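S.K.: Protein chains in written order, with our numbering: chain A, -18 to 295; chain B, -18 to 295.
Read the hints as simulated data drawn from the structure, not as lab findings. Source: prediction; values computed, not measured. Some clues are possibly wrong.
The list treats identical chains as one, so a pair stands whether inside a single copy or across any two.
To be verified - Quick list of in silico lysine-lysine cross-link-like pairs, PhoX-like style, CA-CA up to 25 Å: (1) K61 <-> K136; (2) K174 <-> K62; (3) K62 <-> K136.
Protein chains: 2
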Amino acid sequence: MAQTHPASTTTPLYLTGNKAGLREFLDKFDVFLFDCDGVLWSGDHCFPGTVETLELLRKNGKQVVFVTNNSTKSRADYRKKLEGLGIPSNVEEIFSSSYSSSIYISRILQLPSNKRKVYVIGESGIEQELRTENVPFIGGTDPAYRRDVEPEDYKRIAAGDPTLLDPEVGVVLVGLDFHLNYLKLALAYHYVKRGAIFLATNIDSTLPNSGTLFPGAGSMSAPLIMMLGQDPVALGKPSQAMMDAIEGKFKFDRSRACMVGDRANTDIRFGLEGNLGGTLGVLTGVSSKEDFVDGPVRPLAYLDKLSDLLALEQ
Amino acid sequence: MAQTHPASTTTPLYLTGNKAGLREFLDKFDVFLFDCDGVLWSGDHCFPGTVETLELLRKNGKQVVFVTNNSTKSRADYRKKLEGLGIPSNVEEIFSSSYSSSIYISRILQLPSNKRKVYVIGESGIEQELRTENVPFIGGTDPAYRRDVEPEDYKRIAAGDPTLLDPEVGVVLVGLDFHLNYLKLALAYHYVKRGAIFLATNIDSTLPNSGTLFPGAGSMSAPLIMMLGQDPVALGKPSQAMMDAIEGKFKFDRSRACMVGDRANTDIRFGLEGNLGGTLGVLTGVSSKEDFVDGPVRPLAYLDKLSDLLALEQ
Chain A
-18 MAQTHPASTT
-8 TPLYLTGNKA
2 GLREFLDKFD
12 VFLFDCDGVL
22 WSGDHCFPGT
32 VETLELLRKN
42 GKQVVFVTNN
52 STKSRADYRK
62 KLEGLGIPSN
72 VEEIFSSSYS
82 SSIYISRILQ
92 LPSNKRKVYV
102 IGESGIEQEL
112 RTENVPFIGG
122 TDPAYRRDVE
132 PEDYKRIAAG
142 DPTLLDPEVG
152 VVLVGLDFHL
162 NYLKLALAYH
172 YVKRGAIFLA
182 TNIDSTLPNS
192 GTLFPGAGSM
202 SAPLIMMLGQ
212 DPVALGKPSQ
222 AMMDAIEGKF
232 KFDRSRACMV
242 GDRANTDIRF
252 GLEGNLGGTL
262 GVLTGVSSKE
272 DFVDGPVRPL
282 AYLDKLSDLL
292 ALEQ
Chain B
-18 MAQTHPASTT
-8 TPLYLTGNKA
2 GLREFLDKFD
12 VFLFDCDGVL
22 WSGDHCFPGT
32 VETLELLRKN
42 GKQVVFVTNN
52 STKSRADYRK
62 KLEGLGIPSN
72 VEEIFSSSYS
82 SSIYISRILQ
92 LPSNKRKVYV
102 IGESGIEQEL
112 RTENVPFIGG
122 TDPAYRRDVE
132 PEDYKRIAAG
142 DPTLLDPEVG
152 VVLVGLDFHL
162 NYLKLALAYH
172 YVKRGAIFLA
182 TNIDSTLPNS
192 GTLFPGAGSM
202 SAPLIMMLGQ
212 DPVALGKPSQ
222 AMMDAIEGKF
232 KFDRSRACMV
242 GDRANTDIRF
252 GLEGNLGGTL
262 GVLTGVSSKE
272 DFVDGPVRPL
282 AYLDKLSDLL
292 ALEQ
C-alpha cells in the first residue's frame, strides 16, 4: 500500500523545546498508542525519562496503550517485560499481535461451528491469548509437532488422515515460532489448501535482538506465501485489522487518539491509515528527521525523544 | 523473465503417429535432456515404454541426460531411484541441481582462498556432490545444527563468534532440507549479511509426493529472500546456470540438443532460453495441449507421450 494520507504531505511540527506547542498537541488527545522498542526503550535499555513521561500522561488523564507486534509473548508476559525495564503498566494497557489475532478470530471471523479450531505456528504467547478468548487450537508448543517429517506423514497428509489433519481446523495462524520445522509448514499448507483462513500475527520479516536481526514472524509465513501464492491477513501493525481490534477494545474516539512511533513506514503509517487524530514521531529508533520531514509518510509532529514531553512539567 | 524466444511463437509440430516427422526430428539431435517426473514416470510409477524409448535413443547413438531439480539426492542416489523404477542408467547420465550447484561453486565462482567454505541448508545429496568437487562445507546434515536456538546464540551471532559463524564461509547454498530450523535460517541470514554469496539449488516452491504437494527447496529460501530482500542465484531448471553447467560437463553442441519435458514454464523455457536446437513437450505431466499450442512458451514439437517415439521401430 503506497497510499498517502493527506496529513502525510504536510511538514510535521517539531515540538522539542516548544512548550506551547507541546501543550496544544497534548490537549488534542485522550489516548496515546505507543510503539515500544525505539520509543520507550531500545533492546534491554529503558530510555531516561520514559517512566516519568508515561506518569505525566496518566496524571493528565490520558489513556496509554502499548502496541506491540511481538507475538511470542502474551499480554501478561509483556507486562512482566515492561516491569523488568522499570515501566509500571497493567495488562489492560497492552495490545500485542497475539491478542489482536485472538480477538480477530473470536469476535470478527464468523467461523462455522465445525471449523472453529485454529492450527497455530507460534509460541506460548499466542496460545495464552487464544485461551483467554476461548478459541480452541492445536499445534503451537505441543511437543507432538516438534519432530521430523516421516515417510508415513506424506501418505497420511495426502489421504487427509483426520488424526494428523484435524477436520475442525478453520484457521491457520502463523506467528514467530522458534521451533519451526518441515512438518509444521506441510500441515499449515494443507490446512489452507483445504479451505482454512490464512492469518499471520504480523509480517515483520526480522526480529531485533542483541543489536542485530533474526528471523521474524513474517519469515515463518514466507514459505507458505510462496507455496500458496497467497498473502495472509496480518493482524499486527501496520494492518488496520489491529487498529480495528484496538478500537473494539478501548472504544476510543479516533480523532482524539495519537500513535507514537519511531518508524514512519509502520508506526506512523498505522496511525495515518487508521485516521487517528494525530501521529507523533520520535528520533530514538529507526526513522531519521529526514524520513519524518521529507519522506512519503510523515507524522503530524515529531520530537527528538519522547521524554521531551517532560518540558511541560518544568 | 517473461522473455519470449522466437521459436515459442510458432505452432509446435504434433509428432504422435507421424513417423516421417519423428524420423526427421530425431535426426536433428545428438543429445536429449530429459526432465524425469511427468516424462519418464509419475511418482513411483514408470510409464509403459519408457525403458524401450530410452534404449531406442541410445541404440541410435543419442546421448541421454537426466536433468532433475531434486537436490536431496546425489547422482548416485538418483541412479538408484532410476534403477528402482526399472530404468537402466549410469551416474554420468544424471544431472541434478545438487551436482549443478557443486560445479557452479567449484568451477565458476572464483572464491578468495579464505572464503571457500559453503554453509549448506540441505540434505546429504548436496553434501555428497560438494565432496565430489572437493568443496569444503559446514551445516547440512551435521547434528550440531539440528537444535533449538538458545539465548546465547543471539549474542554469539551478534558478536560474530567464529565458533558459530565460520569466517571462512563465502557461500550459502540452500536446498530442500527436511530438518530446517530457526538456527539454520538465522545463520544463513548472517552469513549473507557478512558477504557470503546466496545460492539455491533450485527454487521450486513445492515438492510432489504421494499425489500432492509439500514444501520444496524454494520454500527453504523464502524466509531468507524476505529477510534479505535479495533473490538467490538458482542452479536448477529453468536457471541457465544449470544449462551452463550441463554444457560444461557434456561439451555438446547446443544446436544439436533437445530438451524434453512436461512443463512449458520450466522445462521448455529452460531449453528455449538455453538456445537448444529443439524442445519436445509431452502430455503426461503438468502442461496441456493448449499450453503447448497456444501458451506463451511453446515447444518445437510435442507428443501425447514419450513412448510415441517407439513408432520409429515399427
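S.K.: If a hint holds in the structure, say so; if it doesn't, say that too.
M.R.: Tested hints:
1. Proximity of K61 to K136 under the C-alpha cut-off of 25 Å is restricted to the inter-copy arrangement: shortest distance 22 Å between copies versus 44 Å within a copy.
2. Taking the shortest Cα distances, K174 and K62 never come within 25 Å of each other, neither inside one copy (38 Å) nor across copies (30 Å).
3. Within a single copy, K62 and K136 get their C-alpha atoms only as close as 44 Å, which misses the 25 Å cut-off; across copies the closest is 19 Å, which meets it.
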